[in-house]
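Letter by letter, the chains look like this.
Number of protein chains: 2
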Amino acid sequence: MIGIEQALSWVLERATPRVPQRESLCQSLGRVLAEEVISDIDSPPFDKALMDGFAVVASDLRGGRGELMMIDDVAAGDVPCEPLQSGMATRIMTGAPVPRGADAVIVGERCQLDTSGDIPTVRIDDRDVRPGQNILRRGMSIRRGETVLQAGRPLSAIDAGLLAEVGRTQVLVHPQPSVAVLATGNELVPACDVPGPGQIRNSNGPMLCALVSSAGGQPVDVGIARDTEAELAQQINRGLHEDVLILSGGVSTGVLDLVPRVLRDLGVEQVFHGVCLKPGKPLWFGVRPHAKGPRLVFGLPGNPVSGLVCFELFVRPALAALAGQPQRPRASVPGKLTGAYRQRGDRPTYYPVRLERQGDQTLVRLLDWLGSADLRTLAQADGLAVFPAGRTDYETDETVTVLLL
Amino acid sequence: MIGIEQALSWVLERATPRVPQRESLCQSLGRVLAEEVISDIDSPPFDKALMDGFAVVASDLRGGRGELMMIDDVAAGDVPCEPLQSGMATRIMTGAPVPRGADAVIVGERCQLDTSGDIPTVRIDDRDVRPGQNILRRGMSIRRGETVLQAGRPLSAIDAGLLAEVGRTQVLVHPQPSVAVLATGNELVPACDVPGPGQIRNSNGPMLCALVSSAGGQPVDVGIARDTEAELAQQINRGLHEDVLILSGGVSTGVLDLVPRVLRDLGVEQVFHGVCLKPGKPLWFGVRPHAKGPRLVFGLPGNPVSGLVCFELFVRPALAALAGQPQRPRASVPGKLTGAYRQRGDRPTYYPVRLERQGDQTLVRLLDWLGSADLRTLAQADGLAVFPAGRTDYETDETVTVLLL
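Line by line, the protein sequences are chains A and B.
Numbers 1 to 405, taken from the numbering used here, label the letters of the first sequence in order.
Numbers 1 to 405, taken from the numbering used here, label the letters of the second sequence in order.
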């Protein structure tokens, strides 16, 4: 049986980023850029006033003072009528183009406008005046032809503004992976039904769909397949149209566990079956070759805790890789056990816990299971405490690592 | 001019959670539950086998040993044919109902099946056998009529599984707030156009729409309004159909800043105009009364850094409140300045920075602005360093707080 690291590396080797697609700006938030973005314009596209005030020739103001003739009035969106010459000033608003010839903008509070005569004049008193003041020169932020965003970057909200600034309303990004979710088992009925004798509702399907969404994937609920070769083959075939297929149940070694066989018959090559991990040992992983990169197939154990652990350790990193995201170590915190823990068996164990704050410390409370199918207790978990293989007894107050959910 | 705390509390007082709506399970991820969820069934709905093996009467096994008659074979989804009596065993699979009369399940590895005779028998050797072993009793996880999720809870992926388990494919949640985004200014052209003389592309609109998405809101792009009363009134009216309207530009004190007047004429009551904050001083906030809770209107300054700061400090918390989310302090980290900083003016300042790791330390590098319109530099920011009012000089290596973006 292979270890967790080995299993993850075998998964990631096969999780090649999806073929880039052109997406609209508003669809591209959080997606990973798959091209270099180059500006089609200088930005700002003209010398731009950064304050409301008057555009002047700085050298006209000896000691910061002077009286100038106001020849024009330019708001944002306007174009100055004529170039500015010595002795003249143009009233200007933030964001408006500075007239040719001007080299400084004096803020309004330092200017006194006099419109009593035939020609309005402005008296200025700004001791600190210097050329370039309150002007952002054309192309200072971005030059035409310059790269503004590199490929490989997950697009942020600010990037959306930057893309708009350089005229990119469509960008090439790695699309969200689509992920089929198929629950298997004769005992399952859809959540909208009332279970009959011996039946339970399919809760893994909705949980896995929601986990896929939370991991940036696009879930496709394929429903339930009963444990017959024909039904499994039909539903698995539907699921193989997506980038990833997640099966729940049918991979442990019971008499009715047909799933691995049906997958093989459908051309899905097994990469591994079984990982040294608790819970989650029966995890099955395989690929079906495909022109756009292999389809990944995960067979998760049917019990929800095992399914969750396998999803977090293997499926979530795979979905990030398919989306072109950089692999990041999972967020974890150290914390002190509130009770002793005895590790049974020799597999590394991920145990659902609740975190509590006590002053500066994080306390780790092991959740009290009623067995592996106990979703209700699982819903209270804040994270998974990690107990590596090779140790059996953990004391109260010992520090352990908790992966955050 | 009011302070940041005062302004935020005035915003939050008016940001009442949206009227709950019934949503499908897959639409409800991340939404806040607005009802108590009660189970319609016991879970598990029957005494359930937790392992593959044989269901037995524990007292039949003296010292853990015995030979029993196999009378039935039950898989998950099956119903046992007959109750179990002393001396008998039923082969059983994980998830299957334990037959009446049985009180323990012995794992398969401890059982030897012999089918050579007329009636199959099973020889068992399990020293640790005890009543209740490997059985999850009916209703042990959840009792019918019991509350499984409380109102006020943001729904997680695991909750989705739990909701499915208790048959809730529709739940009452506070919906995402809808947020109209309107950029104002004569100089603006849509991002898909090439700006003419004096014009720039509308980058604030797409940035704000993306920020709204990142804050769990549903952005509605209302486009651009030029600085005329008629056009502003028309577009603002469209925006007032949504829960929130965010305007960008038109709220500082320039000649063309018509926005506050037009808002008043449309029945939007000003709550405040101006906050002691840098950048972001011109922030305008008001409400229009509405049967389902007041429409919130934010007038953000037009420069992108100011807009971003105002969004993070006021709009994001408001959107969380409208979605019924608990208010959480924003994630922040301490870090050491890589250079000196001189605070100008007396307003608390939020300054875009880049964070770098150096061993155990977080370094805070102030970004080198080219002026307030410089989105390109802003796109490199990891967070906003907070410089409270009342101090002017910060030295290299001083520790400051950084709000993470």
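Possibly wrong hints are sitting among the right ones.
[Unchecked claim] What the simulated footprint calls covered on chain B by chain A, stretch by stretch (three residues with Cβ under 8 Å from a Cβ of chain A suffice, anywhere in the stretch; the number is not a length):
no.	region
1	32-45
2	91-97
3	377-383
[To be verified] Quick look at which bits of chain B chain A covers, simulated, 3 or more residues with Cβ under 8 Å:
no.	region
4	8-20
5	75-87
Just so you know, these hints were derived from the structure itself, not from any lab.
Here the structure is a predicted model, which is why all the values come from computation and not from measurement.
C-beta: ideal position from N, C-alpha, C; glycine also.
Has the region 91-97 of chain B got at least three residues whose CB is nearer than 8 Å to a CB belonging to chain A? Since three or more residues must qualify, the claim that chain A covers the region 91-97 of chain B holds, with 5 doing so at under 8 Å.
Between the region 377-383 of chain B and chain A, see if three or more residues pass the 8 Å beta-carbon test, and mark the coverage as holds or violated. Held - the region 377-383 of chain B has 4 residues with a Cβ nearer than 8 Å to chain A, which meets the minimum of three.
For the region 32-45 of chain B, do at least 3 residues have a Cβ located nearer than 8 Å to some Cβ of chain A? holds (count 5)
Has the region 8-20 of chain B got at least three residues whose CB is nearer than 8 Å to a CB belonging to chain A? Contact hint for the region 8-20 of chain B vs chain A: violated, 0 residues under 8 Å.
Closer than 8 Å Cβ to Cβ for three or more residues is the test here. Does the region 75-87 of chain B pass it with chain A? holds (count 5)
In this structure, only the earlier hint numbered 4 is contradicted, and the remaining ones agree with it.
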